[in-house]
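S.K.: So you can see what is in the structure, the chains are spelled out below.
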Amino acid sequence: MKAKKVSNAIRLTTEDKVVNGVAIFIGLFTFLVTVYPIYYCLIYAFSDGTMAMAKQIYLFPTSPTLDNFRAVLTDKLLVNSFLISVARTATAVVTSVAFTALTAYALTRKELVGRRIYSMIAMFTMYFGGGVIPTYLLYRSLHILNTFSVYILPGLLSVYNMLLMMAFFRDIPESLVESAQLDGANELKILTRIILPLSTPILATIGLFVGVGAWNDWYTAAYFINDQDLMPMSTILMKLVSAADAARKAREMLADAGGGAGMVKKGTTSVSIQYATMLVSIIPVMCVYPFVQKYFVKGIMVGAIKA
Amino acid sequence: MKKWTKLFALMLAVVLLCTALSACGQSGNNTPSSKPNSTPQSTPESKPESTPESTPEDTNTVTDGYAYEANTEPITLTIFDSDPDSSFLRWGENPASRRTTELTGISFEAVVPVVDDETKLQTLIASDDLPDIVTGNYFDTCWQSMISNGQLEDMEALAEKYTPKLKSELVDPELWEYCRSDDGKIYTLLSCFSTKSHLQWLEDHNFLVSSNQPCVLIRQDYYEEVGSPEVNTPDEFIDMLLKIKENHPDCIPFYTDGQTRTGPSYLRWLFGVCSYYVNPETKEVSSSCRDPKYLDMYIWVNKMVKAGLMPEDNFVDGYEEAEAKITAGKPATFMSVVADGGRSPADNPDTIYYPMKPWNTYEAVRSNAGYLKWGVSVKASDEAKDAAMRWTEFANTELGAQTLVWGVEGPADGQWDGDFENGATFFFEDDPKSPNGRKATWYSGYYDAMMGDWSGVCKKTGLCCYQNVSLTNQIYGDMTQVTENDMLKEMNEWFAPTVRYDNALYFNLSDDPAVVYQTYVSLISEYNIKWAYAEDEAEVRALFDEFSQRYIDAGEPILNQFYTETYKAQGGA
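Chains as they are written, first to last, in the working numbering: chain D, 1 to 307; chain E, 1 to 573.
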């Protein structure tokens, strides 16, 4: 006699099935609309630029080629800009997190005279900015225009990040600090030996905020840097798009150059190179993100509840 | 743990110290200003690599007594160029720029915007931090700010001081007068300005029509299928398109290259509607919509739309969609410029798009009054002002045109050998109607290479990259001067009789006229679609009346008065 198979699966009601179906549909839809643009970049970047334009690709590359990546990776300016992006992001993460931690810790200490005034001044800058021209004048008088410092010094302290960090520091039991003081530890020791080791989630979160911000920031170089060798990749990418726009406008205005007899143009186009550059520029962030995204979520929660 | 903390603190200190110190470094030339180079730019990479027959000195160019010859001290000028991909960013990377530096001592450092707007220039203006030379589009609104702020030099005074021959010999007096401001000074010079003598030269050489002449291009395979009919009127064009549509129902019978989203654009030329309308009796100048032919044009557009010959692609597509569709070969005919003649559709590489002969309604009143301005900043050092004028002088000589546009001279019976660095690209032929009695012509091989990959070849040679912000006199340096092309010859036969030039029809708007103009542009944008998709001709007319009244209410008389007065002041007939 055969033993009856017993199924451990939970029997789903019709309602459950409908809800699951809707959830799966929404999940798939969200997945599609977020992933497809990146996929489109990918297939366009691997296609012959002109043929991709002519054939309207959707799912697969057409006339597959590595020419677009070759154009990006052999362009000295683009390679240099990638290195600048890496350098400024790494430097910004280290310096900004350190400065923010120092400031946030100081402002959480009740012993600091005038901390309310400091906080108010800092908060003021969150709501009121000078705009491009006063900023330009300030940087000029600081002699940081057209130098690498313009990426680092103005971004040393973000008030928003500082508030997040202060909220986290306030959660650390004061008794820990008091006991360290009883043992003779000074403020720097307390910060480096007790507070910071207990604050790795917020340090990682703010490091991520700063890193992503620095990697994506094209604006600073656009207005405060003239030297092409100091341009980060995001700015070069923006310039590629703008140059295509400018060329288009010039064509509409002047329409003075272009085609020749009996030719079928083939090869890279400004659009295909843009997509290849985009891919190259997002790869580092995509590699790092999975490892730090849990901190990102935590950081958002800290900001939502405490700040 | 202690060790790691110390290491971290040390690393942080080093990073911050380096960052802070970098602000004091040499690269921090935040104020874009010129700097005399301490050593000549004579690195192996920057040496002009000329063959014996190609050295500029060997040509029989008349260059006696020019200021650029007298002073070749190395100097680097800073230049603002509104093009994010400016060729000045690559100064020294191509033979043309290297030869220029060798001949004049002048190099450039470019300041360019990253995004295609005026914010960067406005920042430089507001902070009084302009580079030595400022260049930009004629219509950029920043120019008036720079002039009223006193940030630009009087170029006439600079020419008299530093480069007398620029004023007395090289640049046509017509241009100086055209560029003169109300206060009597000349703050900017214009490139691509066609003087009367230049237009005469073009006529004499059968080159009045250039590659930018608007036209209808037709797929030759489709055209031959319907018997290559002669099209003399807009209605005959409709008849032909209906036949093509029968054969190819999936094609776009007529396509405006993404240009008719907000207005008629090139379509105006097909009906002889100019950018402005000069009333032949009263001589009052008004917007083009006051031309009686303007309404005829939209009645025709409406007829085309109703017959399914101008699908909605014409009114929604942008540049990229248009490029994609034309490259794919979707349109049977499309509106563009003659330079697009010869493109093959991807679906049939054995055929080409070729311009159609102009219809009986085609007429073009053109204004070649320049489109790029450049001026010298008052904050530039004396050396920089001197060098900026020497650069302008050099670029307007025959040697300048050769260095910046024509390339390396070769024998009349020679040919281009494919060498972008040192290969001869042009030859001189005797021509009594040209300055110095000779005319430059590119070798056909080089011209074909240019047409095949214009920007690629320009980047390699540097030719045609810099003349827009340096050449004022179009006889030297005009690309038509060095072009020998069968298609352009044919286009001149077809289109030249339909073209008339009127440089007075060029207006730089500000204040109230600018506000009215913007309203006009918005109204055209709104009614463009309404006219196209109206039920019938009667509705088009009714809508036009409605538009007309709204335009009058928006202040049309103010704009007309401005146009008329300016036109007269600019010597309009």
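Careful, some of the hints might be misleading.
[Unchecked claim] Using C-beta positions, here's what the derived DEER-type ranges look like:
1) Asp-250(E) x Thr-13(D): 46 to 56 Å
2) Leu-77(D) x Asp-250(E): 25 to 35 Å
3) Thr-262(E) x Val-22(D): 36 to 46 Å
4) Thr-141(E) x Val-22(D): 46 to 56 Å
5) Asp-545(E) x Leu-77(D): 48 to 58 Å
6) Val-515(E) x Gly-129(D): 22 to 32 Å
7) Glu-526(E) x Tyr-40(D): 41 to 51 Å
8) Lys-243(E) x Val-22(D): 49 to 59 Å
9) Ser-525(E) x Gly-129(D): 51 to 61 Å
10) Pro-349(E) x Tyr-40(D): 46 to 56 Å
11) Asp-229(D) x Glu-69(E): 30 to 40 Å
12) Thr-141(E) x Thr-135(D): 52 to 62 Å
Hint data in this document are derived by calculation from the structure and do not stem from the laboratory. All values derive from a computational prediction rather than experimental measurement. Just so you know, even glycine gets a beta-carbon here, dropped at the ideal spot from N, CA and C.
S.K.: Now, for every hint given, state plainly whether the structure supports it.
M.R.: Hint by hint, here is what the structure shows:
1. With their beta carbons about 50 Å apart, Asp-250(E) and Thr-13(D) fall inside the hinted range of 46 to 56 Å.
2. At roughly 43 Å, the beta carbons of Leu-77(D) and Asp-250(E) sit outside the given window of 25 to 35 Å.
3. At roughly 43 Å, the beta-carbon separation of Thr-262(E) and Val-22(D) lies within the given 36 to 46 Å, and the hint holds.
4. One distance hint, 46 to 56 Å for the beta-carbon pair Thr-141(E) and Val-22(D), holds here, with the actual separation near 53 Å.
5. Range check, Asp-545(E) to Leu-77(D): Cβ separation about 56 Å, and the 48 to 58 Å hint holds.
6. For the hinted restraint 22 to 32 Å between Val-515(E) and Gly-129(D), the CB-CB distance of approximately 30 Å keeps it satisfied.
7. Take Glu-526(E) and Tyr-40(D): their Cβ atoms lie about 34 Å apart, and the range 41 to 51 Å is violated.
8. At roughly 53 Å, the beta-carbon separation of Lys-243(E) and Val-22(D) lies within the given 49 to 59 Å, and the hint holds.
9. Between Ser-525(E) and Gly-129(D) the CB atoms are about 34 Å apart, so this pair departs from the stated range of 51 to 61 Å.
10. In this structure the supplied range 46 to 56 Å is violated for Pro-349(E) paired with Tyr-40(D), their Cβ-Cβ distance being about 27 Å.
11. In this structure the supplied range 30 to 40 Å holds for Asp-229(D) paired with Glu-69(E), their Cβ-Cβ distance being about 33 Å.
12. Checked against the hint of 52 to 62 Å, the C-beta distance between Thr-141(E) and Thr-135(D) comes to roughly 22 Å, which is inconsistent with it.
The structure is inconsistent with the numbered hints 2, 7, 9, 10 and 12, although it conforms to all the rest.
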